[in-house]
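Visitor: Residue numbers (the working numbering), protein chains in the order written: chain G, 6 to 236; chain A, 9 to 262.
No wet-lab data here; the hints were simulated from the structure.
Treat the hints with care, as some may be off.
Simulated pairs of lysine to aspartate or glutamate, EDC-like, Cα-Cα distance not exceeding 16 Å [to be verified]:
1) K160/A x D93/G
2) K160/A x E232/A
3) K132/G x E61/G
4) K160/A x D87/G
5) K23/G x D93/G
6) K23/G x E86/G
Some but not every residue of chain A turned toward chain G, in silico, with C-beta under 8 Å [what the hints assert, rightly or not]:
7) L88
8) F89
9) L144
10) A147
11) A150
12) L151
13) F155
14) G156
15) K160
16) Q163
17) V164
18) Y168
19) A170
20) P175
21) L179
22) F183
Remember, it's a predicted structure, so these values are computed and weren't measured experimentally.
The beta-carbon is built from N, C-alpha and C at its ideal position, and this holds for glycine as well.
Letter by letter, the chains look like this.
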Amino acid sequence: MAPPNSNWARSIASALRKEWSAEIRARHGFFSATLFGLLTVVAVSLAGYYNQPSGEFAALLLVLAVLFSVTVSVPRVFLAEDELGTMDTLRVIADPYAAYVGKVLYSLASNALQSILLTILFIVFAKPEISNYGYVIAGPISFSLAVASGVAFCSALVLGATNRWTLALVVSLPVCLPLVFLGVAGIAVGFGVGAPSTGNGMIAIQVLASIAWLALGTIVAGQLWRLDRSP
Amino acid sequence: MSSSPSCQNQSKADLRSRSSLLAWFATALTAGHTVYAFLIPPTVAFRDNDLARIIAWHLPCAWITTILVLAMGFFGVRALFKPSVRDFARLEATTELAVLFAAMTLLTGILFSRVQWGAFWQWDPRQTSFLFLFFLMAAALALRAGFGDSEKRDQVSAAYAAALTLPALFLIFVFPRLPQVQSFHPKQAGFDSVYWLAITGGLVAYGLWTQVLLVRRIALGVAERTPKSHKEDENDDSNRGNRTSDPVVRPVSL
Chain G
6 MAPPNSNWAR
16 SIASALRKEW
26 SAEIRARHGF
36 FSATLFGLLT
46 VVAVSLAGYY
56 NQPSGEFAAL
66 LLVLAVLFSV
76 TVSVPRVFLA
86 EDELGTMDTL
96 RVIADPYAAY
106 VGKVLYSLAS
116 NALQSILLTI
126 LFIVFAKPEI
136 SNYGYVIAGP
146 ISFSLAVASG
156 VAFCSALVLG
166 ATNRWTLALV
176 VSLPVCLPLV
186 FLGVAGIAVG
196 FGVGAPSTGN
206 GMIAIQVLAS
216 IAWLALGTIV
226 AGQLWRLDRS
236 P
Chain A
9 MSSSPSCQNQ
19 SKADLRSRSS
29 LLAWFATALT
39 AGHTVYAFLI
49 PPTVAFRDND
59 LARIIAWHLP
69 CAWITTILVL
79 AMGFFGVRAL
89 FKPSVRDFAR
99 LEATTELAVL
109 FAAMTLLTGI
119 LFSRVQWGAF
129 WQWDPRQTSF
139 LFLFFLMAAA
149 LALRAGFGDS
159 EKRDQVSAAY
169 AAALTLPALF
179 LIFVFPRLPQ
189 VQSFHPKQAG
199 FDSVYWLAIT
209 GGLVAYGLWT
219 QVLLVRRIAL
229 GVAERTPKSH
239 KEDENDDSNR
249 GNRTSDPVVR
259 PVSL
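Please model the entire structure based on the sequences and the hints provided.
Guide: Listed below in C-alpha cells is the structure:
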C-alpha cells in the first residue's frame with residue numbers, strides 16, 4: 006500500500022524522535038532490557054564453565070542470548086505504550102504506517118547496539134576461540150535485526166489482548182525459530198566453523214528477512230492500526 | 009441481492025442435506041481407503057516395508073495442511089483489506105483445520121520416523137520445518153484466544169494470517185529444498201502405482217472431510233458473528249405472513 010501522504014519520511018522521523026525522547030525520559034526500560042540480556046549471557050556462558058565451547062555451540066549460545074534479549078526488549082516499545090493508554094492517541098495524531106515504522110526503526114537501532122554489547126560480554130565470559138571478528142560482530146547484529154523486525158510485528162498485533170506480554174513472546178518465538186538456523190550458521194563462521202561464503206550468505210539473508218518483515222509489518226500492522234475499519 | 013426468509017431457510021436446508029450427503033460419502037471413502045491401505049502389499053526399499061503404509065495417511069495430511077495454510081494466507085489478506093463476516097469465518101475455520109491436520113501430519117511422521125529411521129524425532133529438515141509450521145499456526149490460535157472482543161480478534165487474526173504466508177512458504181517450499189540441507193525424505197518418492205492409489209485415495213477422502221468440516225465451521229462462524237436479533241428473525245420459521253405489516257411477534261419481558 007502506498008504511503009498516505011508525501012510527508013511520510015518526516016512523520017517517520019517524528020515517530021523515531023518521540024521514541025528516543027520517551028526512552029531518555031524513562032531510562033529504566035532500556036536498562037532493565039540490557040540487564041536481562043546480560044543475565045542471559047552469564048547464564049548461557051555457564052555452559053562453558055568446565056570446557057571451552059566448540060564453534061557451533063558457542064554460536065548457538067550467543068544466538069540464544071540475543072534471541073531472548075530481543076524478545077524481551079522489543080515488545081516493550083509497543084506494549085508499554087498500550088498499558089499507559091497513549092497508543093490510541095498516537096494512532097489518532099500520527100499516520101499509523103509512519104508510527105509503526107518509527108517504532109520498528111527505534112527497536113532495530115537499540116537492539117543492534119544491545120547485540121554488540123552482549124557479544125562483547127559473551128566473548129569475555131565464555132572465552133570462545135575466535136577466527137574472524139567480522140562475522141562475530143556482524144552475525145549477531147544481522148540476527149538481532151531480523152528477529153527484532155519479526156518480534157515488532159507480533160508485538161503490534163497483541164495490543165489490547167489479555168496477557169499481552171506472554172502472548173507477544175508466544176507469537177514471536179515461532180516466527181523467530183527459522184532465523185535461529187541462519188543466525189547460528191552466520192556467527193559460527195566467526196568461530197571457525199564453515200566457509201566465509203556461507204557466513205556472507207546467512208548474514209545477507211537475515212538482513213533481507215529484516216527488510217521483508219519491516220515492509221510486511223508496515224503494510225499489515227498499519228492497515229490494522231487504521232481506525233476507520235469495520236466489517 | 010436480498011431474499012425472503014423462507015428462501016434463506018430453504019437454501020440452508022439444502023446446504024445441510026448436501027453437507028450430510030458429503031459427510032456420508034467421505035465416511036464411506038475413508039473406510040474404503042483404510043481397508044485398501046492395509047490390504048496393499050508391502051513396498052520395498054524401506055527399513056520396515058510393512059509399516060511404510062503409514063505414508064498413505066501421512067502424505068495426504070501434509071498436502072491438505074499445505075493447502076489450508078495457503079488458504080489461511082489468502083483469506084487473511086482478503087479479510088484484512090476487505091473485511092467481511094464470511095471471510096473472517098473462513099479464516100477461523102481454515103486456521104483450526106490447519107492446526108488439526110498439521111498435528112496429524114506430525115503424529116504420523118513421528119511414527120514413521122520411529123519405525124523407519126529408528127527414533128521418534130530425527131531433526132530431519134522436513135520434520136523440523138513442519139514442527140515450526142505447526143507452532144506458527146498454533147500461535148494463531150493462541151492469538152485468537154487472547155482477545156475477548158470478537159471484532160478485534162478477527163482483525164488481528166487476519167493480519168497474522170496474512171503475514172504468516174511469508175515464513176510458511178519458506179518453511180514448506182524453500183527450506184527443505186536448500187542445497188546444503190540433508191534430509192532423510194527422498195527427493196523423488198519411488199512408490200508403485202498401488203501405493204500412489206492409496207495416497208491419492210487418502211487425499212480425496214481427507215480432502216472431502218476437510219470440505220465437510222469447513223462448510224459446517226464456516227456456517228457456525230457466520231452465525232456466531234451475526235447480530236442476535238437479526239439471527240432470531242432469520243431462524244424464525246413460523247409463517248406469520250407479511251412482516252412489515254405485523255412487526256411485533258413475541259412478548260418482551262422487562
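Visitor: Please go over all the hints and tell whether each is borne out by the structure.
Guide: A quick look at each hint next to the structure:
Proximity of K160/A to D93/G is assessed by CA-CA distance (about 14 Å); at most 16 Å being required, the pair is judged to hold. Between the alpha carbons of K160/A and E232/A the distance comes to roughly 15 Å, so the proposed pair stays at or under 16 Å and holds. Using a Cα cut-off of 16 Å, the hinted pair K132/G and E61/G holds, with the two alpha carbons roughly 14 Å apart. For the hint linking K160/A to D87/G, the alpha-carbon distance of about 15 Å falls within 16 Å, and the restraint holds.
For the given pair, K23/G sits about 15 Å from D93/G by alpha-carbon distance, which is consistent with the 16 Å threshold. With a C-alpha separation of about 12 Å, the suggested pair K23/G and E86/G falls inside the 16 Å cut-off, and the hint holds. With 8 Å as the threshold, the beta carbon of L88/A comes within range of chain G, its nearest partner Cβ sitting at about 6 Å, so the hint holds. A distance limit of 8 Å between C-beta atoms decides the matter here; for F89/A the minimum to chain G is near 7 Å, and the interface restraint holds.
Evaluation of the L144/A hint against chain G yields a held restraint, the C-beta minimum of about 5 Å falling below 8 Å. Hint status for A147/A relative to chain G: holds, with the closest Cβ pair at about 5 Å, below 8 Å. Proximity of A150/A to chain G holds as hinted, the smallest CB-CB distance being about 5 Å (cut-off 8 Å). For L151/A, the shortest C-beta to C-beta distance to chain G is roughly 6 Å, which falls under 8 Å, so the interface hint holds.
Because the closest C-beta pair between F155/A and chain G is about 5 Å apart, less than 8 Å, the hint holds. About 7 Å separates the beta-carbon of G156/A from the nearest beta-carbon of chain G, less than 8 Å, and the hint is met. The criterion of a C-beta within 8 Å of any C-beta in chain G is met by K160/A, whose closest approach is roughly 6 Å, and the hint holds. Hint on Q163/A holds. Least Cβ distance to chain G is approximately 6 Å, under the 8 Å limit.
For the restraint placing V164/A at the interface with chain G, the shortest Cβ-Cβ distance is roughly 5 Å, inside the 8 Å limit, so the hint holds. Taking 8 Å as the C-beta cut-off, the interface hint given for Y168/A holds, the closest approach to chain G being about 6 Å. A distance limit of 8 Å between C-beta atoms decides the matter here; for A170/A the minimum to chain G is near 5 Å, and the interface restraint holds. Given hint, P175/A at the interface with chain G, holds; its Cβ is 6 Å from that chain's nearest Cβ, closer than 8 Å.
About 6 Å separates the beta-carbon of L179/A from the nearest beta-carbon of chain G, less than 8 Å, and the hint is met. Contact between F183/A and chain G, as hinted, is supported at the beta carbon level, the nearest pair being about 7 Å apart and thus within 8 Å.
Every hint from the earlier list agrees with this structure, and none is contradicted.
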